[in-house]
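Asks: The chain contents come next:
There are 2 protein chains.
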Amino acid sequence: MRRLTIGKLRGLQQIADDRGVFAMCAMDHRGSLQRMINPDDPGSVGYETLAAYKEELCRALAPVSSAVLLDPAYGAARAIASGALPRDVGLLVSLEATGYSGESGARLTRLLPGWNAAKTRRMGASAAKLLLYYHPGLPDVAARQRELVQQIVEDCAQADILCLVEPVAYPISDEDRDPRTFARRKPDVVLQTARELTALGIDVLKAEFPADLRFEQDEGRLLGYCQALDEASQAPWVLLSAGVNYEDFARQVEIACRSGASGFLAGRAVWQEGMSLADGSARRRWLETVAADRMRHLRDIAAEYGRPWWKKWGDAPTELVQVGEDWYATY
Amino acid sequence: MRRLTIGKLRGLQQIADDRGVFAMCAMDHRGSLQRMINPDDPGSVGYETLAAYKEELCRALAPVSSAVLLDPAYGAARAIASGALPRDVGLLVSLEATGYSGESGARLTRLLPGWNAAKTRRMGASAAKLLLYYHPGLPDVAARQRELVQQIVEDCAQADILCLVEPVAYPISDEDRDPRTFARRKPDVVLQTARELTALGIDVLKAEFPADLRFEQDEGRLLGYCQALDEASQAPWVLLSAGVNYEDFARQVEIACRSGASGFLAGRAVWQEGMSLADGSARRRWLETVAADRMRHLRDIAAEYGRPWWKKWGDAPTELVQVGEDWYATY
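Chains A and B, in that order, are what the protein sequence lines are. Per the working numbering, the first sequence starts with residue 3, numbered consecutively. Per the working numbering, the second sequence starts with residue 3, numbered consecutively.
You may find that some hints are simply not true.
For chains that are exact copies, the list does not tell them apart, and a pair is met inside one copy or across any two.
The list that follows gives simulated cross-link-like pairs (lysine to any residue, SDA-like), each with its CA atoms no further than 20 Å apart [said to hold, decoys possible]:
(1) K313 - R197
(2) K313 - S84
(3) K313 - R89
(4) K314 - G104
(5) K314 - A201
(6) K314 - R223
(7) K313 - L52
(8) K314 - S84
(9) K313 - E290
(10) K314 - R109
Hints in this document: simulated from the structure, not taken from any laboratory.
Bound-form chain A, shown alone:
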């Protein structure tokens, strides 16, 4: 049985709701958010604009989330400094730099220089998150990515902060570039990825939906893929939204939660259309109404079907930690 440390347990309590289910909103986007704000010239979207958009997102959506995910450069500190993040909403902070490096189509994650898990802990956040392009079909690249995960798992253990990892599959061959082929291969890729990464001791897996609703609609098969993903994952898992449209995402969340997921960490599916509204007050109104309603609805689905995170590891959260007389001295 997995043993939890006190800092990680407190973190899980803070990012989940009272029942132990996650209803989290991601707003740590950088490059993709710049493209939404100004598709013609994303590079012209500077610090102040990005930071202001993120503050708006946080102010509108954090109050209807159990936790929010922000990046350290544009979002996390501003959310605290501005008061946009309520005192009782958990905070996750990303560790990676935006984009990736690599040759011949391989994608390698780089950490954001000047940022780390220890700083994430110091600022009062509850979890560190690592986005990871990952494909088990490229063994050498995958091995290097796993090394990075191992390093982050150790850094997080040192700071006793949660480590949430978000693997994202990508096309690694010309065949893969055909969406239908990529979709057919997706369940295997997502499951194998979950198997390989959760074996490294991460605390929460942020998983892709293991199918593509454009090509697979059969409810029984979709539930089967998600149940297989649940078996493949040694850690509690939440669903990411990856920019699918909101209706599809809501369906995915229900299927995933009925199959063992502990909730969701949703980004663009909740708020993407609003980012193209150039008028500030129209944009804020949209976030406070349409996007907030989406979060509430997703939260209700997760509350109804989601499995409390601790059930992955035991019958009760109290079983997972041991505190004895010398805890403080040996901690």
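Fit chain B to the supplied structure of chain A, relying on the hints for placement.
Replies: Just chain B now, with coordinates in the frame of chain A:
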């Protein structure tokens, strides 16, 4: 104007209510709690009993508090591990060992071996607290105590965690041992202590009421003492209860909050009578009813009269922090 760092600001948000006022419950007692549980043989009250009493206190009173103060040996980790501490209630953890050392009546604070501010941060707490016997009338001893405060202020800065200091005056002469004399000297002692310790850069002062209601009942003079204390303190301050009876403490909280205090951090005045109930279910019922009602009532007084913590330092909390483009790299 005082500048706040992000970890400390998040901590203040977490231990205060939404308005920025503190309604906190102290349950970090060790020696004094053992004496309450078994007055005849306090030393026989062992780890399991103390830990279980603290868990009961936390379960009953944390839900009606903005934050709770626990000690690292018997309370803090257990409160998290057992689920007795709600996810949205702040946690303060004490740094000192119980009791004191010193010669010829002088009292020197010792830190709890094996515990420190960095561990307090790692476990997910929002503040570290140092209890300090202090009397400005013993300059050499006071200087050594201030050195300890300075060290803790630095440790807390390193971990970017709040530093709350609780000075407690004590009799330093035979004359002082006459309660009436001690009471007459108390306003000066409490004010001078506040002046000397808040100059060291602590974040929150946990202050004694600067008078003794047994010998001073005049409302105008009591308000005057508290206003002078408010002027003497460079940090936001909260009132401690020091085992006075509940009715007196409620009156003290109102007077202090009308004079600039930002709330209270109450221990024995809220729950002491319950600790002598040997029957577990009677004790828990008493805590859940009488003691919880007391916390609610004190919280209402603080909410009505208390000054938001940030008003000590500026017109709005957002003024107190600066977050720019390179924040994450220089943090």
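Asks: If a hint holds in the structure, say so; if it doesn't, say that too.
Replies: Hints and how they fare:
1. In this assembly of identical chains, the alpha carbons of K313 and R197 lie at most 20 Å apart only when taken from the same copy (18 Å versus 52 Å across copies).
2. With identical chains, the CA atoms of K313 and S84 are at most 20 Å apart between copies only, with a shortest distance of 16 Å across copies and 36 Å within one.
3. In this assembly of identical chains, K313 and R89 lie within 20 Å of each other by CA distance solely across copies; the values are 18 Å between and 27 Å within a copy.
4. Proximity of K314 to G104 under the C-alpha cut-off of 20 Å is found in neither arrangement, the shortest distances being 35 Å within a copy and 52 Å between copies.
5. When the C-alpha separation of K314 and A201 is checked against a cutoff of 20 Å, the pair qualifies only within one copy, where the shortest distance is 14 Å, while the shortest distance between copies is 50 Å.
6. For the identical chains of this complex, K314 and R223 are neighbours neither inside a copy (23 Å) nor across copies (61 Å), given an alpha-carbon limit of 20 Å.
7. Taking the closest pair of Cα atoms, K313 and L52 never come within 20 Å of each other, the shortest separation being 38 Å inside a single copy and 30 Å across copies.
8. In this assembly of identical chains, K314 and S84 lie within 20 Å of each other by CA distance solely across copies; the values are 18 Å between and 36 Å within a copy.
9. For the identical chains of this complex, K313 and E290 are neighbours neither inside a copy (33 Å) nor across copies (29 Å), given an alpha-carbon limit of 20 Å.
10. Proximity of K314 to R109 under the C-alpha cut-off of 20 Å is found in neither arrangement, the shortest distances being 31 Å within a copy and 51 Å between copies.
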